[in-house]
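> Whole structure, please, built from the sequences with the hints as guidance.
Going down the list, the sequences are from chains A and B. Going by the working numbering, the first sequence opens with residue 9, and the numbers climb by one from there. Going by the working numbering, the second sequence opens with residue 16, and the numbers climb by one from there.
Among the hints, a few may not be true.
As the list claims (entries may be wrong) - Over 10 Å on every C-beta distance to chain B, these chain A residues come out as not near it, computed from the model:
| # | residue |
| --- | --- |
| 1 | Arg96 |
| 2 | Met161 |
| 3 | Leu213 |
As the list claims (entries may be wrong) - Simulated pairs of lysine-lysine, DSS-like, Cα-Cα distance not exceeding 30 Å:
| # | chain 1 | residue 1 | chain 2 | residue 2 |
| --- | --- | --- | --- | --- |
| 4 | B | Lys33 | A | Lys26 |
| 5 | B | Lys33 | A | Lys103 |
| 6 | A | Lys26 | B | Lys111 |
| 7 | A | Lys234 | B | Lys55 |
| 8 | A | Lys26 | B | Lys119 |
| 9 | B | Lys542 | A | Lys26 |
| 10 | B | Lys55 | A | Lys230 |
| 11 | A | Lys32 | B | Lys55 |
| 12 | A | Lys26 | B | Lys55 |
Derived from the structure by calculation, the hints contain no laboratory data. Since the model is a prediction, treat every value here as computed from it, not as a measurement. Cβ coordinates follow ideal geometry from the N, Cα and C atoms, glycine included.
Listed here are the chains, written in short residue letters.
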Amino acid sequence: MAGLELLSDQGYRLDGRKASELRKVQARMSVFAQADGSAYLEQGNTKALAVVYGPHETRGSRSKSLHDRAVINCQYSMATFSTAERKRRPHGDRKSSEMSLHLKQTFEAAVLTQLYPRSQIDIYVKILQADGGNYSACVNAATLALVDAGIPMRDYVCACTAGFVEDTPLADLCHVEESGGGTSLSLALLPRSGNIALLQMDARLHQDHLDTLMEAAMTASKGLSKVLDSVVSQHLKEVSVLTRD
Amino acid sequence: MLKSKTFVKKTRSGGVLKIVREHYLRDDIWCGSEVCKECKDEAPVLQEDACIESTLCVYPHYLLPDTNVVLHQIDILEDPLIKNVIILQTVLQEVKHRSAPVYKRIKDVVHDKEKHFYTFTNEHHRYTFIEREQGESANDCNDRAIRVAAKWYTDHLAKATWGRPLKVVLLTNDRANKEKAEQHGLLVYKCDEYIKSLIGNPELVDRLALTSDDQVLLQGLQNINRAVHQDVVAVELFPKECWVAPLSVVLQDDGPNDEDAEEDETPNKYLQILTSKSIVRKPTGRVVGIIKRNWRPFCGMLSQSQIKEATRHLFTPADRRIPRIRIETRQAATLVGQKIMVAIDGWPKSSRYPNGHFVKSLGTAGDKDTETEVLLLEHDVPHQPFSQAVLSFLPKMPWSITEEDMKVRVDLRHLCVCSVDPPGCTDIDDALHSRELENGNIEVGVHIADVSHFIRPGNALDQEAAKRGTTVYLCGKRIDMVPELLSSNLCSLRSNVERLAFSCIWEMNHNAEVLNIRFTKSVINSKASLTYAEAQMRIDDTNINDDITKSLRCLNKLAKILKGRRTEKGALTLSSPEVRFHMDSETHDPIDLQTKELMETNSMVEEFMLLANISVAQKIYDEFSECAVLRKHPSPPPSSYDILIKAAKSRNLVILTDSAKALADSLNNATIESFPYFNTLLRILATRCMMQAVYFCSGMDSDFHHYGLASPIYTHFTSPIRRYADIIVHRLLAVAINADTTYPDLMDKHKQAALCNNLNYRHKMAQYAQRASVAFHTQLFFRNKGIINEEGFILFVRKNAIIILIPKFGLEGTVFFENKDKPSPDHSFDSEGPMLTVEKHTFHMFDKVKVTISLDASNIQHQRIRMALIEPVIPGVSVAVAESEPEAKKPKLDR
Chain A
9 MAGLELLSDQ GYRLDGRKAS ELRKVQARMS VFAQADGSAY LEQGNTKALA
59 VVYGPHETRG SRSKSLHDRA VINCQYSMAT FSTAERKRRP HGDRKSSEMS
109 LHLKQTFEAA VLTQLYPRSQ IDIYVKILQA DGGNYSACVN AATLALVDAG
159 IPMRDYVCAC TAGFVEDTPL ADLCHVEESG GGTSLSLALL PRSGNIALLQ
209 MDARLHQDHL DTLMEAAMTA SKGLSKVLDS VVSQHLKEVS VLTRD
Chain B
16 MLKSKTFVKK TRSGGVLKIV REHYLRDDIW CGSEVCKECK DEAPVLQEDA
66 CIESTLCVYP HYLLPDTNVV LHQIDILEDP LIKNVIILQT VLQEVKHRSA
116 PVYKRIKDVV HDKEKHFYTF TNEHHRYTFI EREQGESAND CNDRAIRVAA
166 KWYTDHLAKA TWGRPLKVVL LTNDRANKEK AEQHGLLVYK CDEYIKSLIG
216 NPELVDRLAL TSDDQVLLQG LQNINRAVHQ DVVAVELFPK ECWVAPLSVV
266 LQDDGPNDED AEEDETPNKY LQILTSKSIV RKPTGRVVGI IKRNWRPFCG
316 MLSQSQIKEA TRHLFTPADR RIPRIRIETR QAATLVGQKI MVAIDGWPKS
366 SRYPNGHFVK SLGTAGDKDT ETEVLLLEHD VPHQPFSQAV LSFLPKMPWS
416 ITEEDMKVRV DLRHLCVCSV DPPGCTDIDD ALHSRELENG NIEVGVHIAD
466 VSHFIRPGNA LDQEAAKRGT TVYLCGKRID MVPELLSSNL CSLRSNVERL
516 AFSCIWEMNH NAEVLNIRFT KSVINSKASL TYAEAQMRID DTNINDDITK
566 SLRCLNKLAK ILKGRRTEKG ALTLSSPEVR FHMDSETHDP IDLQTKELME
616 TNSMVEEFML LANISVAQKI YDEFSECAVL RKHPSPPPSS YDILIKAAKS
666 RNLVILTDSA KALADSLNNA TIESFPYFNT LLRILATRCM MQAVYFCSGM
716 DSDFHHYGLA SPIYTHFTSP IRRYADIIVH RLLAVAINAD TTYPDLMDKH
766 KQAALCNNLN YRHKMAQYAQ RASVAFHTQL FFRNKGIINE EGFILFVRKN
816 AIIILIPKFG LEGTVFFENK DKPSPDHSFD SEGPMLTVEK HTFHMFDKVK
866 VTISLDASNI QHQRIRMALI EPVIPGVSVA VAESEPEAKK PKLDR
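See below:
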């Protein structure tokens, strides 16, 4: 039989979304009291937990510290139960290391690191359940955690994936769509300025299509930023109610 | 806007994977109709005046076909006339899975703007999404989804149109689906019903694919185009105008001079289809090519040429579906009157008959040995003597149980085991025992001959047995599956000798509830080989109180409880008239025949065999879920009960066929006091409604249910001497209890499935051969008896004939009311009754009639029993009571 039909003629995707629709995003901030900042975020069935410590003194060797700005230390891991088949190594494999590096680059672009010279900010993210768009869920969760930790940033960092099927860009791919073998583009955006913090793309795509695909990913990221914004203001409301008087 | 709904799926890819996918339900999926104001569809597809003129639906309507309609009637849907169709997502997905070409075609249709086909994404719609229920099959779930969507559309459109007539018509050919849809108040039609109702477009009907059966009628030599029965052929269908209707008439055999009216498919099946309306035409066509020949040597007789010196003669095969064959022979004079074997060489374009050559002579026609040989050959029963290679694997005689055997086996020689079998049985494969245990419970043991000990996997003996598949019992002859040394001696659990057995031992309480079960290889020493009658006598005779008798009484008591419980669950008691011939000890001619009598002991043995089979089936399935050889009996399609229901209705009785239990109960209740045989007749009819039970490999199938026995799982374990399936089951069970080693083929489900296919084929052929043998012996019997008058019952009513069953002989025959030579009597047929009125006398099913039976030997190859009506007396039809029979022979029959 033919492979899965990712986009039906009526314009619906496998899970019933339309091409440009995001999955349902739900998030909570301050889920841990221990950490300086934390957040839990669900993007459909992808669930991520982010924890932020810092800024604090650099741990380990002093040589790592930078004299003019803070070092951002990221660690990405996936729970052993996050995928359909049990994972052997929760972190430290090539994929995770790469992802850690990407996250680091993303947040170095967004956090105002020059405010904290010779110090370190730790961002730990864990994927609890993986259903596509792990990177973007991590970025979004980490953004909320950073906000929770009160670390100044240029803007929210909002990430979203986009794919391309039958001349139509699909926003926010789920696992089935991602593993279908088509193009998958991950974009981390600073929505207000429209600056790109990170852009990554797998598989081949015709140059002509890149613009539409970027456009779709940007729109999706902007959509996400609205959601994150509302989460933050909701959280603030709750906190201010608690701290009144 | 978005509603998130997750559901869980399990797939098997190596292991069990739990796949979680999101499933969003939406409320922005529009109905796609122009009429609807509620839906904010920008470009509605379905038109407001959706008019296809139809006598069934005089209002505008949208069609909503189910999956099977799309799959089979895609030709219709592609027609430009058919517009405004709603294709559900469920349907589209199922079509995609089942047939890629049809999927492509339906997608093309949907894309065609002119056609106004709308795809409704029902599974993501908030109100039409359904979840699969516990225990619901995928198909049922899809059917339900279709109904729910149809219901939503109906209600939605009713609201949108403010009562203006615009409706949704569900098209389905599934009977159950249709009924359920009607219960929900949906408009539902069968596809052909609907298409036929269309006004002004009769040509559409031609495109209607035939779903009821895919048989094509080939009529006449021209159209059969030199194809021979069992060939694989390519067929071209005629246009509809040329189709003909098969009649529900029974064709009389008109001797060899008649036109060779012959169908490629089984002709009898056609002829027995009862036509409900006067003209139901069948698709008719002609053969345009022969893909594969399936010629084999045919048995039959020579019809000598009229010209004396001719060397070319025609050969008439015994199988009437095979055309006559022209052969060249110089010994025609000697071959006449003999049964011979002929092979087909070819069929030239210009010739009416195929050409062949003489292979060998089988003996004089009508001779018992010859006829038996013929029927074995015709039914493809391997019956040659066992080859030297096969015999070389037999144990050396004298054989005795060795020390090693004793070591691995449980010694049960002290138990009071006995066997109960039909008289004259030499291959005894089961024996029983029961005894009271110290704790008050009862130990019951079923001991089965350990054939797998002697037949080791893979050797020539095993291969031969696998090929034969089953022992074939003919009247007065037995074609063994394994050599006689095993079947009648070493494996046969005869009395007072030590034999190896495979034992299944239960501990039961007095309520026949199994507390404990044990399977073991054992050594037994049967204390007695009884016949059913002997065992019955012992049980009934209160004076006998030895161990064997006590054990038998106990078994009998338990068996009754078991049977009661089984019946409670819905096991069917069916009936078929079986007869036994009394053979002359010297000539082996049948001298008398009587119907088989069933005693309590029959049922006693049967009950424990069933219990053993079910226990073993469960055990081997638990142990080997992928490669267990099991036996299933599918429940018949509801329509096959029609004849039974009609028959009962004619006597104002109701037969429920919803479940096996309902059927069993209603059969039990269907009795007429003044007509004690009625119930048996009904059961005979019910038997004919059933499907064939078959062997299968558990890894290749998911439906294990045994309908007739009302058991969720079943296999054959108890007759390894005469069935190969049992040997495999023995091997599986032996591995399961660590008594034997496994081998690759045993664990290969594909090889097991192939083996099951062969076994099923052999069993079927063996059954046919058995019937043919009984029929032949019945003829022999009546040849000796002359003409007999006997009472019988009408079993079926056909358009031009009635089929009569004579319970005394278990014989079926046909009385015709049409004649070639003379004008036939005035008769009319009503298929609803069903009844046949001949000259003002109406025949119903189950009517009692009196007939005279004689042997019609006019056609030497196909001798048959002829029946003529004596009572009721119908002028011109019935005959006078025959007096010509020799008085001397009569007393024998009147017993």
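> So if I understand the rule, the pair passes when the alpha-carbon distance is 30 Å or less; does Lys26 (chain A) with Lys55 (chain B) pass?
Holds - the C-alpha atoms of Lys55 (chain B) and Lys26 (chain A) are around 16 Å apart, at most 30 Å.
> Can you confirm whether the C-alpha distance between Lys234 (chain A) and Lys55 (chain B) stays at or below 30 Å?
Holds. Lys234 (chain A) to Lys55 (chain B) sits at ~27 Å (cutoff 30 Å).
> Hint check: Lys33 (chain B) vs Lys103 (chain A), CA-CA at most 30 Å. Holds or violated?
At roughly 23 Å apart (the allowed maximum being 30 Å), Lys103 (chain A) and Lys33 (chain B) satisfy the hint.
> Quickly compare the C-alpha distance for Lys33 (chain B) and Lys26 (chain A) to 30 Å and report which way the hint goes.
Roughly 25 Å between the alpha carbons, so the hint for Lys33 (chain B) and Lys26 (chain A) holds.
> Taking 30 Å as the top limit, are the C-alpha atoms of Lys26 (chain A) and Lys111 (chain B) close enough?
21 Å, holds
> Hey, Lys55 (chain B) versus Lys230 (chain A), does the alpha-carbon distance stay inside 30 Å?
27 Å, holds
> Decide, holds or violated, for the assertion that all CB atoms of chain B are farther than 10 Å from the CB of Leu213 (chain A).
Nearest chain B Cβ is 25 Å from Leu213 (chain A), so the label holds.
> Arg96 (chain A): least C-beta distance to chain B exceeds 10 Å?
15 Å, holds
> Holds or violated: Lys26 (chain A) and Lys119 (chain B), Cα atoms, limit 30 Å.
23 Å, holds
> Hint check: Lys32 (chain A) vs Lys55 (chain B), CA-CA at most 30 Å. Holds or violated?
24 Å, holds
> Can we confirm that no CB of chain B comes within 10 Å of the CB of Met161 (chain A)?
29 Å, holds
> Given the proposed pairing of Lys542 (chain B) with Lys26 (chain A), does the C-alpha separation stay at or below 30 Å?
Not OK: Lys542 (chain B) and Lys26 (chain A) at ~80 Å, beyond 30 Å, violated.
Of the hints listed earlier, the one the structure fails to meet is number 9.
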